[in-house]
Amino acid sequence: MHLLLLAMRNIARNLRRSIVTVAAVAVGLIALNLFGGYIVNTYAGLKLQAISGERLGHLTIYKRGMLLEGKLHPKRYMFDAAESSRLANIVRSAGGVKLVSPRLSISGIAAASNGRASSIFIGEAMVPEDMATLRGELQEGAGGSLTPGKNYGIAVSEDLAKLLDYKLGDTITLLSSTIDGQANALDGQIVSLFNTGNAATNDKYLLLPLTFAQNLLDTQRVERFVVLLDDAALTDSKRTELGTRLKDAGFDVEIKTWQELSSFYRQVRGLFDMIFSFIACIVFVIAALSIANTISMTVVERTREVGTLRALGLGKPGVVGLFATEAGWLAVVGTLVGLLGTVGFAWLINSSNLSYVPPNSSYSVALLVDLDWVRIAAVSIAVIVLALAAAVLPSLRAARRGIVDALAHT
Amino acid sequence: MLAELERAPVRAVVHKHAAFEPRRETSLPIVSLLGLHKSYRQGHSVVQALRGVDLHIETGEMLAICGPSGSGKSTLLNIIGLLDEPDMGEMEIDGRRLGELSSRAKADLRSSAIGFIFQSFNLVPVLTALENVMLPLRLRGKTTKADEARAEQLLRTVGLQDQIRTYPDRMSGGQRQRVAIARALITRPKLLIADEPTANLDTENSLMVMELLARLRSEQSVTCVFSTHDHRILKHMSRIVSLRDGRITLGDL
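In order, the protein sequences belong to chains A and B. Per the numbering used here, residue 380 is the first one in the first sequence, and the count goes up by one each step. Per the numbering used here, residue 66 is the first one in the second sequence, and the count goes up by one each step.
What the hints contain is simulated information worked out from the structure, not anything from laboratory work. Glycine is no exception: its CB is placed at the ideal position from the N, C-alpha and C atoms. Be aware that one or more of the hints could be misleading.
[Claimed, not checked] Pairs of lysine-lysine, PhoX-like flavour, derived with a Cα cap of 25 Å:
{"hint": "1", "chain 1": "B", "residue 1": "207", "chain 2": "A", "residue 2": "695"}
{"hint": "2", "chain 1": "A", "residue 1": "695", "chain 2": "A", "residue 2": "442"}
{"hint": "3", "chain 1": "A", "residue 1": "442", "chain 2": "A", "residue 2": "626"}
{"hint": "4", "chain 1": "A", "residue 1": "626", "chain 2": "A", "residue 2": "450"}
{"hint": "5", "chain 1": "A", "residue 1": "426", "chain 2": "A", "residue 2": "477"}
{"hint": "6", "chain 1": "B", "residue 1": "171", "chain 2": "A", "residue 2": "695"}
[As the list claims (entries may be wrong)] Partner residues are not named here, just some residues of chain A that face chain B (Cβ under 10 Å, in silico):
{"hint": "7", "residue": "382"}
{"hint": "8", "residue": "389"}
{"hint": "9", "residue": "391"}
{"hint": "10", "residue": "691"}
{"hint": "11", "residue": "693"}
{"hint": "12", "residue": "781"}
[Said to hold, decoys possible] Covered, in the sense of this in silico footprint (three residues per stretch, anywhere, with C-beta under 8 Å from a C-beta of chain A), are these stretches of chain B:
{"hint": "13", "stretch": "135-148"}
{"hint": "14", "stretch": "198-209"}
{"hint": "15", "stretch": "216-227"}
{"hint": "16", "stretch": "284-292"}
Okay, chain B solo, but in the shape it has when bound (with noise of 0.2 Å):
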């Protein structure tokens, strides 16, 4: 098996799994994940970053992937969020079979279904909060009065009306962080993607934007994903998985 990765371990190419049927559940999961493989290059070595996973992730729920570092969270997360493929094994978001959609496809499911936060908060330091907010919107073409009131209001919702033309370097970590949740939010997502969202922020600032994600979780009925492995935050989670070397070893399926 690894000499077969070794030979072509970088490419993304997502083999078919006879086995593969999404779960008939009253609740239909909205990722599905069987027998997910990822290997990349690290120097001269090639490091197995995912070894068979499989997971379905329910549609409203708010997941939490735990585990330490290197245990793969990180690259488990972005294929979920579409930015990479996975070697091997079969993948469905939103009802949708990853193998048969191109490159183009993929990026609109991405940019149209998934919202993401970044453990960095990655704002766009040249533009004010309401910029940021709304770059996701401008990304896909031009925005309308009513996106600029959309942001503004999940601005006030995160509890930064009085940040809307401020820049991030002038915003404390929490308030970037706030400020990231909504430029998630604003394309209505259904798949809410947060990497280590607290893993910069104090304990009363990470409480804080947990609060908040899972309040904005019921409101604006999203799913979300996270990975971590900050403890303070898991209270607020409905399911928790834990990855252990590229394989779920405890809280899968």
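Looking at chain A on its own, in the form it has when it is part of the complex (with noise of 0.2 Å):
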């Protein structure tokens, strides 16, 4: 008889109580894996929303205090046109970089078709022909859409449209003043209306083509150099090299990665993050104390029998091995159990297209599963050693009883 067989046939002697607490270990364990994989679904949107629906790529390149005092000193942190084209070489030289996009921000004011309306825009000014790389994953019009080769087409937010009345094919006149501080004032033609996904921005954002902007701005600089890579994952190495490599060059230049830029992405990671470590301590401590009650009533309903296989010649610390082994089926069980549940639980969630509209969103969107196995694995293991521990102190209990006491225990 192994102790992993006797320790499984005295876990079925109280059938009841053993499913009890397994379901308890199984319950827990589905609804923090959910929760997990929910997250996981939510940060891989995140993440494509904030590289390929914001446009950030996942380096930004500023000349130094650009982001401090460029709007102040706009020319003073810009790059001119020889630093562009010397600092996109650069970049481009590095290797594994897919695409090294200029970007310009430009704000203003945009009138109303028919003359009478204006409402303040924000907008974001880059190459057109970029778009198609940077979209990557996206679908096709996510996000706004520039016309490659059409230098005055405009891509508008849906509430800004509605606002002013646009339709696709109008043409939308925009005012702004140079970065001499000069007014100017420009006609483009609509080309896509898009939904930002921000109510914030959804009533005043705009996509322009770089050349429109830098004409709208009467300047050849550009603001920022938005790179995209080859492999996500080699972001941080990516930014110390080229770092290393345009101080080398004589740019004095801070790089930005996209979750530094992303505050939204941020803010729900944090938030996500700090929800799923609440939920693990209740999971946790309601495994560890259903697992501890069990075993606590275990070893006072088999007192007399543990007298007896003291006296027969196991040891205290077999003792403490034979409950914690109890302990351990219980939670190998449970988390076997909460595994199967899961697994079938998420697919019954992906397969049942719900959806929701997340707050501060303009669209929903839909309700996800992603297993993360890896955080799979390291909760059920997590489980499995609090078990293993909330067994010690009662099965000590059991094993420092004096061999008589325990054997006279009815």
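Work from the hints to combine the two standalone chains into their complex.
Written out as structure tokens, the structure is:
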């Protein structure tokens, strides 16, 4: 009779209690794993949204000081045409770079098509030809699109279009200040209407061709360069490498990752990670208490049996080992049931076409679960270790009891 | 004396006795007890279970320790079986002085030289008869096919050849006690200790168990020590000692 088999038979002795304990562990794990899967899916969506939807790429290169004083002294912190060309060549030569895309931010007033109304706009200018590369896995049109070769084609956010009664193909008049502070206006043509996905920006956001924005600002300069890498996992190492290369070439730049620039991603991740930790703590406590309670009751019920085993030659460590093995079995079975339940419920959720509107979002997103096996394995191991730890105290109590005392227990 | 015991009554300290010497006879004693005292706490009071017990048990004896409830029978048996320790006195088992042995050595001696039969059988309910018999060997380490064969042989010897794979809850009291006897004998002990082995059995099963033990004692050359107040089984004994209020009052030495 192997200890593992003996322990397994022992937990089957009071089957109802063992089932309740296993169920407590399994249900807790299912809840935790599904929530973990949901946040992994959400993180992946937010990552894609940040890199491709918000067009942040993986890295953004600024002249040092641009983020603090760029609005006050734009000329000082923008890259001129010569610098832009040199910088782009250096970055491309680093290898592993899919795209180096110059950018310009712009803001001003957009006039209604009837000329009687206007609204403020904030715009992002980029090379239309870069758009397809940057879009990546995002579907065509998501987040707006510019038309390659059409240097006056402008993408307008849906709510702004509604405010100013714009339709596709309409002429749009944009008024802004040049880089030297003079008023300037240009007409463009609406080539795309899109939802920014954010209620706060969907009534003011524009996408413009870089040359159009440069004409409006009356400059050949660009504000920053967005770098898209072949492999997102290399973001940090590439930042270091590019920083070194550009410094060696005489550029004083600062390079930001997409995580640093996407405050929404950071906030959501921070919130979800905290909720996950909170739920994990609750699940761990429930699992540990359930198992400790079961083992405590078992120890009391089997006191005389422990005395018999001790009399027959089982040492104190053997007693602890026996009850710890039983706790381990409960945790392992609970974990396995939890894994099966997780896979089953994940399939059910993913095939139910559930969707919801996230806070501050202007459209609904699919509710999906991406099972994170590394996280699931870590949680499962943690539950098993906790179960073993939870069994130690009642087991030690059983082991420390005198043999005669234990044999006399009724 | 009582005040001294109240100060440290439950410590298992064995004091050496200057006059202690094992008896030199043709049949060497397997157990020698001299001046054993044992007290234990019961609530706020101290109960003196043994008050200077002297006893020699010869190899091959079938000894009954009789006495009313509370006379100290079980305490004496627990001490002889190394399940408990005396507060005072000298003790030698199988030629080894207990005062000189560590806890581990005592546990080893207990599992190798002593077999136990309990009043309530104390079988492990999740184990079959065969597994219960094998249990003492399993607890000592890995078992062999030969061990299993011996366990089966012991079960046949106690008349349970048809119950080898049966669980205890499907057996009668007599059958369970016979499994317990086989379990006690599996380690080839020199000393078999039985605490009221027939207390939970009817007359027929009591006689059957005692006849079986008497037969096994002669076949396996094992010394048996019983505690009992069941007069039906006394005729099987080679010696009877009577215990009252923690002292041997009849048939001692």
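Unsatisfied constraints (hint numbers, rising): Those not satisfied are hints 2, 15 and 16.
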